[in-house]
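Let the sequences and hints guide you as you build the complete structure.
So the protein sequences, as listed, match chains A and B.
Under our numbering, the residue at position 48 of the first sequence is numbered 48, and the numbers go up by one with no gaps.
Take any residue in the second sequence, count from 1 to its spot, add 1000: that is its number in our numbering.
Be a bit skeptical, because a hint or two may be false.
[Claimed, not checked] Below, simulated BS3-like cross-link-like pairs (lysine-lysine); rule was C-alpha separation at most 25 Å, straight line:
id: 1; chain 1: B; residue 1: 1343; chain 2: B; residue 2: 1384
id: 2; chain 1: B; residue 1: 1387; chain 2: A; residue 2: 35
id: 3; chain 1: B; residue 1: 1354; chain 2: A; residue 2: 100
id: 4; chain 1: B; residue 1: 1020; chain 2: B; residue 2: 1186
id: 5; chain 1: B; residue 1: 1264; chain 2: B; residue 2: 1232
id: 6; chain 1: A; residue 1: 100; chain 2: B; residue 2: 1343
id: 7; chain 1: A; residue 1: 35; chain 2: B; residue 2: 1343
id: 8; chain 1: A; residue 1: 35; chain 2: B; residue 2: 1186
id: 9; chain 1: B; residue 1: 1222; chain 2: B; residue 2: 1186
id: 10; chain 1: B; residue 1: 1186; chain 2: A; residue 2: 71
[Stated by the list, open to error] Pulled from the structure, derived: some chain A residues nowhere near chain B, Cβ distances all over 10 Å:
id: 11; residue: 16
id: 12; residue: 22
id: 13; residue: 27
id: 14; residue: 32
id: 15; residue: 41
id: 16; residue: 42
id: 17; residue: 44
id: 18; residue: 46
id: 19; residue: 51
id: 20; residue: 57
id: 21; residue: 58
id: 22; residue: 77
id: 23; residue: 102
Everything labelled a hint here was simulated from the structure, so no lab data went into it.
Note that the structure is predicted; figures quoted are calculated from it, not measured.
Glycine included, each C-beta is placed from N, C-alpha and C at the ideal position.
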Amino acid sequence: MAFIEVSGQQIEVDEDGFLLNPDTWTEDVAKYFCKEEGIDELNDDHWKVIKYLRDYFFQFGIAPMVRKLCKDTGFSLKGIYELFPTGPAKGACKLAGLPKPTGCV
Amino acid sequence: MAELLLNNADWQFKNEVLQKMCTDKQRLDLYNCLTCGMCSAGCPYNGVHDNSDPRLILREISLGLRDKVLNNKLIWTCTMCGRCTVECPMGVDVSTVIRTLRGNFGLTSPGFLQDVVNAQINTGNQMEVTKEEYLDTLEWMEEELQAEVGDPNAKIPVDKEGADFLFLWDPREVKYYPQDIQSIAKIFWYVGANWTCSSQWWDATHYGLFNGNDEESTILMKRIGDEVKRLKVKELVVTECGHATRAQKWGPKVWTKDPFYPVKSIIEKYKEWFDEGILHVDPTVNTEPVTLHDPCNMVRKEDMGEILRYVLKKVVMEFRDMTPSGKYNYCCGGGGGLLALGKDIQPYRLAKGKLKADQITATGCKIVACPCHNCWDQLTDTIKHFKVDARLAHLHHLISPALILEKRTKGV
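Here it is, written out as structure tokens:
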């Protein structure tokens, strides 16, 4: 089992560094992950995307399509990549504490 | 050893493996195995991590040591890349032996490999994208493409009967990387291709190739064959993905025994369009030196090494091969479904990745052409873990931005 330490808490992650349990997520987890995903500091736009991803995940049990993400948050695809340089799947979903998507990602 | 043989040998085991083996080659080749060990010499991971000795498992099979074989961890640490067979003097197809063991002897794969197959069987694609979401994404990318090229006739046709080819996507292009759809459709628009994609069965990927379950593989393959017929297309074309290319080309021969329909990788189409003189690319857009990772399923299994290089040399200023290259190149380390085999297999994956990291670094290239989604993920992990100063590009990423719009002749 692998763990990361965030604000004194031990949080379990999978072999690729994604949270095993999205309930263990805190805002500090997103801050902890952001450096390795190429983000210096999280701004309001980042939080908007992160909150959207979490809401969607808890409602549907799966990450949204990028199409849905762009449509519902109002960001263009380019805009999402500017916010999350490593992309929506590996970057944004990881910061939002979603488990690693299964399948070829 | 003698005691082992007496107590545990199951002399029918080898025959059972042979009978269950799904292949278009001569399955009796396994009888020719000399247990000489050239396979283990050819496996790049021999000495890199444990459980990387194909000779051992072949001997165990030959001696009928059923339990030893079925508990041999190589079944899951092997990427089925076929590098061992390149060295085998008798041409024994080790990767097919491994696939046979995975899927026909009641073994359960580690990780989430079976979940991916189940998703494909149950929802039609491995990422469980709904039809509505899929069509919406295509429409979105069509609008983006029309805005990009300034042509309302730039289309992403769906279910167009009688098109020249049916194009299959990788679901991650649809779900997570829609910009890839735009990039590919732009090339099709440029050459005036008469193409279509399916609203029904559009997933090129095929994880039955990895779990070894031929029954599931047949279900998936039949869907695609039926779409080729329903849409009355001349050929099937597969997106830039190694195992998908292999499965779609190999599958009709071994699973569905479908009357032959031509299956091509999109890479082969690039070459055709260059040869026809309708694809015009400005290589000065790609000035940085570029190397190529040879996906095993494309290059060793489907002999596409030369085509890949032919295309790349037309689109970049400087191409540098890695060492070794072509059919001798090393697997990325994530083949054979290893990316879906979870935490127990991940340390093996990373150990394998080190070889590729060193190969890339030695070329001095900062761009690695990677025409496979599976290799892409493994190389992304590798680049990150070993801090390699390089980034990846599909071939269409290099072609699309370099299209010479003034020279576009077809479809104008």
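Hint check:
no.: 1; hint: B/1343 <-> B/1384; in the structure: 18 Å, holds
no.: 2; hint: B/1387 <-> A/35; in the structure: 15 Å, holds
no.: 3; hint: B/1354 <-> A/100; in the structure: 23 Å, holds
no.: 4; hint: B/1020 <-> B/1186; in the structure: 44 Å, violated
no.: 5; hint: B/1264 <-> B/1232; in the structure: 16 Å, holds
no.: 6; hint: A/100 <-> B/1343; in the structure: 12 Å, holds
no.: 7; hint: A/35 <-> B/1343; in the structure: 24 Å, holds
no.: 8; hint: A/35 <-> B/1186; in the structure: 34 Å, violated
no.: 9; hint: B/1222 <-> B/1186; in the structure: 30 Å, violated
no.: 10; hint: B/1186 <-> A/71; in the structure: 22 Å, holds
no.: 11; hint: 16; in the structure: 7 Å, violated
no.: 12; hint: 22; in the structure: 17 Å, holds
no.: 13; hint: 27; in the structure: 24 Å, holds
no.: 14; hint: 32; in the structure: 16 Å, holds
no.: 15; hint: 41; in the structure: 21 Å, holds
no.: 16; hint: 42; in the structure: 20 Å, holds
no.: 17; hint: 44; in the structure: 24 Å, holds
no.: 18; hint: 46; in the structure: 18 Å, holds
no.: 19; hint: 51; in the structure: 19 Å, holds
no.: 20; hint: 57; in the structure: 14 Å, holds
no.: 21; hint: 58; in the structure: 17 Å, holds
no.: 22; hint: 77; in the structure: 6 Å, violated
no.: 23; hint: 102; in the structure: 5 Å, violated
Checked against the numbered hints given earlier, the structure breaks hints 4, 8, 9, 11, 22 and 23 and satisfies all the rest.
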